[in-house]
Every structure is written in C-alpha cells, then in structure tokens.
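Asks: If you want the building blocks of each chain, they are given just below.
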Amino acid sequence: MSDRLDVQQGTLVLMVLTTLDVLGPLHGYGIARRIEETSRHRLALNYGTLYPALLRLEQQGFLKGEWGTSENNRRARFYTLTRSGRRHLAHETREWHTTAELLGWFLEPRGATP
Amino acid sequence: MSGLHELLARVRGLFGRVRRDHELDEEFAAHLQLEVDENTRRGLPPDEARRRALISTGGIERAKEAYRDQRGLPWVDAMISELVAAAARLWRHPAALVGTALSLALGMALATAVFSMVDALFLRPLPYPHQEQLVRIRERDPKWKSLTEYLPARDVLAAESDARSFSGIATAELYGDGSFVGESGTAVRIQSSPVTANYFAVLGVRPMLGRAFTESDAGTGTAALPVILSYALWTSRFGQRADIIGTAIPVNGRRSVVLGVMPRGFEMPFGTQLWMPLSQDSVKRLAASTNRDWQYFMTIGRLKPEISIDRATADLSTQFHGVGMADGLERIPYSDLLPLARDVTAPFRGEMQLWVAAAVVIILLCAVNFTTMALARGMRRREELGVRLALGATQRRVVAMLVSETAIMAMLGGALAALFAAWLINARHLWFGGDLLPVTPAMDWRTMGFGVAATLVIGVLFGLAPAIELSRTDLRPVLSGGSWSTGGARELRSRRGLVALQLGLSLACMALLAALAAAERGAQGSGGPGYKYSHMISARLYVPDSTAAAGISPSLLDAVRSIPGVSNATIVRAPVYVAYCYPDWRPHLPAGIRWSDVPLGYFATLDLKPIAGRLPTDAEARARAPVMILSKSSANWLFHDGAALGRRVGVAAHARDRTMWYTVIGVVPDVRAAPNFDPLSAPVYTLQDLPMGEVSSQLLIRMRGDLRLRQGAAGDAVGRIDPRIVVSDVEPVAKQVEVWMAQSRSRTVFFGLVAAVALVLAIVGVYGLTSYTVELRAREIGIRVALGASRGRVVRTLFSEFGWVAAGAVTGGLLLGGRAVMLVDHYLRNPLLPGPMLSEQLAPVVVATVTLAVIMVVGTVLPIRRVLRQDIVKAIQGNG
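Chain order of the listed sequences is B and R.
Residue numbers for the first sequence, in the numbering used here: 1 to 114.
Residue numbers for the second sequence, in the numbering used here: 1001 to 1880.
You may find that some hints are simply not true.
Non-contacting residues of chain B with respect to chain R, defined by C-beta distances greater than 12 angstroms in every case (computed) [to be verified]:
id: 1; residue: Gln8
id: 2; residue: Ser39
id: 3; residue: Ala90
id: 4; residue: Leu102
To give a feel for the contact side, a few chain R residues facing chain B, derived at Cβ under 7 angstroms [claimed, not checked]:
id: 5; residue: Ser1002
id: 6; residue: His1005
id: 7; residue: Ala1009
id: 8; residue: Glu1027
id: 9; residue: Ala1030
id: 10; residue: Thr1057
id: 11; residue: Gly1058
id: 12; residue: Arg1062
id: 13; residue: Ala1063
id: 14; residue: Tyr1067
It should be emphasised that the hints constitute simulated quantities derived from the structure, not laboratory data.
Keep in mind that this is a model prediction, so the values were computed, not measured.
Idealized CB from N, CA, C, for every residue including glycine.
Using the sequences and the hints given, assemble the complete structure.
Replies: Structural data, given as structure tokens:
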C-alpha cells in the first residue's frame, strides 16, 4: 500500500496560496512540485485535483493566470497571487490555526485539557 | 463577493469552449513535458520518464472533465445537451413539431398582442412629471349622479380659486369640430383646442421647439393668432421645417403665427393637433353670467404633493356648493376627481377587459391542447419509452427528456408567437375598436419578453404533467408485447378534466367571438349605411366671421344648387351631440342619445323618406317649429310601444341645461356613417336654427350623373363661391362610408378567423384525447368483444365515460359564453342600434357544440374500429 496521502478537502487552497505567496508566480507543475516537496512527498497531486482548484481560485479572483515561458522554453500558464488572494490567505491561515488549536484540545489525552 | 465572481466567471466559461479547451490542452502538455524533463534529468530513460509522468496525471481525460465542470455550469451544459438531443429527436417528426408549436403560437400571439395594449394603456405611467398628481376635474349631479365631464366657466373659476388642494389648474375648451389649417381648397381640418396660458406648465410638458403661451398671447385681438402645433401636424403638414417658429400660417382663414411645436406623442386633450390661447378674460366673461348652457371646459388639476384625491374632492365640492348657492341652482353639483391616467384610458377599459378575458380563455385552450398533444405523442412513442425505462433510465430522466422536447416546441412556439403578435399589434384596428388610441403599442423588448417567457412557462408547465404521467405508467409490459394499462381512475379523471376544459373553453371562446362579430355586423347594418351615399359629395366649411355666417348660408346654398349636376344641397352644423333626451312618459330618466340639429334640406339631400309620419314643412322650418324626427331605433328606444308620433321628447344638451320640448312628427330609417355622424349613430333630429356658426359646418351635395366627372368641378365651384369661406376635405361620401364599411367587414372577418382557429384547436385537442383514451384500452376492448360484447355496446360504454363530462362542459361553456355575450353587449354595442339577433350569436356556438360532439364520437369510434379490424387475440395480447 502506498504511503502517499490524498489532499484533504479544504487544505489544498491554503497550500496553493501559501506556495504562491512564498515563491511568487509559478506554473501548475511548479505548484504541484512544491506542494509535494513541502509534504516530504506524502501528498500526491494529480491534474484532476490541482487544475480545477487553480481554476476555482482564479474564478474567485484570488489568483491571476497569465501565459509565459517555462524553464524548458515551453508556453506555460503562470499563476500569481492577487491582493484579494493575499487577504484570503491571511484569513484562511487564521482560521486554520484556530481550528488546529481547537482540535488539539479535543485530541489531547483525557485530563490534560486546561 | 468571491461567490459572485465565481458565478460570473462560470457564466463566461460557457462561451468560447473551443479556445478554452485548446488552452487547457496546452497547459496540460506543458505540465507533462516539464515532468518528463525532470524525470529525464534524474536519469530515467525517456520512455520510463514519460510513463511515470503520465501515471502522475491521474488520467488526463478525467482531469479535463473535472476542469470543464468547474469552468462552466454543468447543469446548463446538461440542459443544453438535453435540448440539442430533444431537437434532434423532434426533427425526425417535423409535422408534429410545427403543428404543436403553431397551435401554441396562435393563442400566445393574441395574448402577447393583448398584453402590449394593456401595457401601453394601463401599465405605463403618463409621460408627465409626477403624473400621479394630475386629476381630471368633473362634476356630478346630486340627484341623478350623472357625470358632467366638461365644466361650465363658473366652476372652472371655482376650481382655480381652490388654492388649498391644487398647485395649478389647466383648462382647455371643447372646441367644436376642429380648425382648418391652410388656404381654402387645400386646407385640412384638424382637432384644435384653446388652452389657458398655464396649460402646458401644469401638465409639466414644454414645447420641443419655440415656447408655450403666456397670458399676453391670449389678448392678441386683431393681430395674428399665436398657435402651437403638435409633432404630427408639424411633420405631416410642414415636413418638420426647422424654421417653423414665427412662420405665418392660415388657421380658420385667419393669419396665425406658430409659437411652438410640442414633443412627439403629446396630443392632450386627446387627439389635439393645434393649440390656441384661451384667455382668462374670456372664461371670466362667460362666468359673469349665471347661465351655464353651452360651456364646455376640460379641466385638469395638479394636486399639491401632500393632498389626497378625497381631500381635494371635498374641498372642491365646497367651492362648487358656494357657487351653486350664489347662482340659486336647484341641484348643486359636487366634484368628482379622476386620476388623469385613468381618465385618458377610461374609454378603452371595457373593451380591454373583454380582450383580456378572451386572451385568458385562448391561452388556457392552447395550454390544454398542448398537454393533449404531448400525451398523444408519448402514446405513439410507448415502445421507445419502455426501452429506456427497461434499460434503467430513471423516471426523472424520462421526465427531463420529455420536458426538453416540450421546451423546444414551446421555444419554437414562442418565436412564432412573437412574429404573429407583431402583425396583430400593427393590425390592431382589425380587433381593437379602431386605431384612435392615446398611446401607440409596439412590439418592444417588454412585449416580446412577455410573449416568449409566457409561451415557455406555459409550454414547460403544461408539458410537465403529461411527462410525469407517461413516466409513471408501467411501460415494461410494452416490451414483452403487452399493452399499456388504462392508467387507473386518477388518470381517467384527469383526461376527463382535460376534455371538459377543452370543450368548455372553446365554446366560451366561440360565444365571445360570435358576439363580437355579431355586434360588428349589427353596427354595420344589414342594408349598409341606410341612405344612398353613392352620389354624394361632402365638404367642410368654415366662416371666420360668425356675424356674416347667417347671411352667407342661403346665398351659398343657392350658388351650390346652381352648379351643373347638383340636384340638392344642404349645410349641416357638423357636430352630433350626445344629448339628454326625456320621453314624455318618463320625464325624470334621461337617456344619452345622439342628437343632430339639421336643416330641412338634410332629409332630401340624404334621400331619407319617412317610414312613419311626415317630414317638416317649409313653414315649420322657417318658424323653427319645435318638431322632431326620430330614427327608427331611437323611436324604439324612447317609446317601447313604437307609437312615437305625436309624443313629446325633451332635449337638454347637458343634464344641467334647460330642457327644450319637441313633438315627434316623423320616423326615418336608421342612418349609419352619414358624413356628419360618427359611424354608429342613430340619432334624433331637430330643426337647425343657424346653419353656419363660429364652428365649422358641413356642406352635403347630392349629384346627378357620373360622380367621377363632376366631383372636381363641384369642389372648385364651391371654393370660388365666397372668398370668406374656408373649404376643406372635398370628397365623395362613398369614400368615407366605404373605408368605414371595409374596416367593419375586416373586423368581422378577423373575429371569424380567431373563432375558426379556436375551433380547430379544440377539434385537434378533443380528437387527440378521446382517441388516446381508446388506444390505451385496446386490450380491454379486445376482451369485451371476445366475451361477446357487441361493437355498438363497446362504443357506447367507452363514450359514456365522457358523456356526462362533455354535457357538463358544454353547459359551463355556454354559461361562460352567455356572460361574454352580455359583456360585449354592455361595452361595445350602441344601445340605440338594434341588437344582433340571438340566432346570430347562438348559431356559431351551436355549430361548434355539434362539431365537437361529432369529433368526440369520431375520436372514439375510429380507434375502436382500428382495434377491432385486427385480430382480437392480438388486441388482447396488446400488440395493437
């Protein structure tokens, strides 16, 4: 059985936005590569997961896609974080921290809760 | 916000699919190549590098599908593909497609045309600022509650002094028979209105060129009369000349100067083409006398913003009361205010209600028909539906499929309806009482939107019910060679209901249309207009100087009679008044009746011979004796026993006027479309005192010999008789009469056509439903016959299931139709004219009832015969 995980619902948006925030404009392959590397190759991102998510973020106005030239001299589409995407990232990050903290309290051993 | 962004982006994603797919291919190819290059850099052989890259995609086609779902709106895509597939299926049966769409389109076209009229007349506000503040000021008699639409001068001043309720009062004088614009011979007669200086300001409308009147314009005396033109007159008579302002034009033989041109469509009071100043002084002069006779002022008030109509009515009634008390009036009128928007459209309200009722009935008829056709279509496709259900298609899927087909038919129906409606709106004179409307209905986006949307909604809604019924029926037996079930009691009830609706609605519709056609034929008269018009010429005359009119009249008539070819001539003061007539046996109940004041020569010129009694003598005419001639219908109306001779009739031009009494000495045939009448008159005649007054008169000439040769010469001769007389509109009377007759005839034909369409729709629907029901029961018929039932018995059994429903529907339809006939009579028929014979209204309804009954029998018998002609065993097995 493979030790690779599927991306959990709702987490991919945060990963993509963070990747673009850190690395600047990137094409789909670059985003996928970065997410896989950051997850120590525990996450596998296939096209059917990545591209509809990129499109949705673009439709919501969080990303902007533009055609450019890749490192192997092919035409590729590069995604950039927009201002509203940056705001959304900040909001999502806060939400995630809050959720993680809450879940942490639930999952701590019994009696350890404050 | 991001949700809205996404939705808009998805809507955009529905377009440019090929380009977007191409870009997606390119993006995936770039991704793949980058990964292959990476794998190769890591030392994998090219084939393996590519293979691993391909595996990591997770399936390119699946990814593309997921991407496309996110790009557009999947349900819209599904709907479009469903509709395309439905269109392809329907295309294989074009006759059914066009037939169903057409049957929907015909009804919806009428509904759309009626909507455009309702919209133009009643839904859109008047084009005046704060039009809700504008009211028409009228008064009512306290005893009879009879309405006086035109105020006498004293009450106009009373309204003007009511500063508590109104911010302004605009007054227009009812001005006889119009004005003559142009030089004698080429002049045109148009409707004109003298109006107060503040008239346009109170309405809130400014001239598009030039300026409005000021108080100083009214007192011009002998100087040029200032006038303002309507847009229509400026266009038709002056070719939209830009330098029209300040131009001198002859109006009623007097030099006039154009002050301004009103914007397009402004023709208030209704139909006015030329406005003249009405001086406040002249109103005051009239008001100085307590005599209120012959004073007709149309008065419009603008309510102050915070004042309600009720409050203003109360205030104004107090004012009127004060004036009435001062004048010592026996019955002091109270005020009656009506919003101007309602006043303008009031004359059309009744007829519009009729057409709305007709449109609703026809829409329902179309809808029921649409349902029937959808059911019958489904019946023919039972094998196909059976296969789909047997292969696992869900009920929802089959409903979606059938509804998509009805939606396609409805779309086509909607497009056709819009086309027909555009024609109906243009040809509205064929169905809506003439083309004199205060507004111009048009096939604009609003109307078209209504038509297409209503057709679609009706198509989908009424297509849904049969689709659900068809999908619920157990179709699997069809595949095994069995038959459909009969659908159970509920379905039978719904089919009975449909048949009842079809019958009832179509009969009500037929009755309404028959009544309309009969009313139109009644107005037309069976023997034409009732006088010999073929050798008559009419001309409009205007004598600017009223004091000279009395002297001119006899010499003018002598001069006309001496023109070669003229056998008789008369001068009629043109307007026909609606007066209050009181027959001696009922002196307290006035009847509004058309009254014409004519000279003695009138009867001879029109060649009207008395059918009872006699015509006035010369001596009576000279002495202006109080004698009266009645038209036949007026005689019947005023004296129900028909014995009118020697009886007395009181006439008052207005409820408030003095009553003058006349003795009836003769009865003449009804006359319609006489040159000085509106087309539907049947008046009472009294002897005219002064043939030519300040208002226009009409010269009627009867000719001998060939009218075509003599008409021009006679017209020229009249023009040369006296330079003071302005002559216009010289034309054969036949031309006016025939235009009216042709319009009336075409209206009758139109009603007949609509009735025929309604009947055809009903025939198709009733036949479809009855034969559908019989086909459903082919197996049962087979069993009954196999068990020994006679064929006649089978027919009777099946027919009896619809029998009582049909009888009920016919009764309901006839009751509805009876109500429609009463409405037509109430709103459209001139009460003076003899009503259409009951047989005229009933005959088409009886024909329709019999036809539909025959169709029901045929729709039952033919399919039964078809079932019985084949092998009984096969019928029982359900292979029919």
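Asks: Name the hints, by number, that the structure is in violation of.
Replies: none
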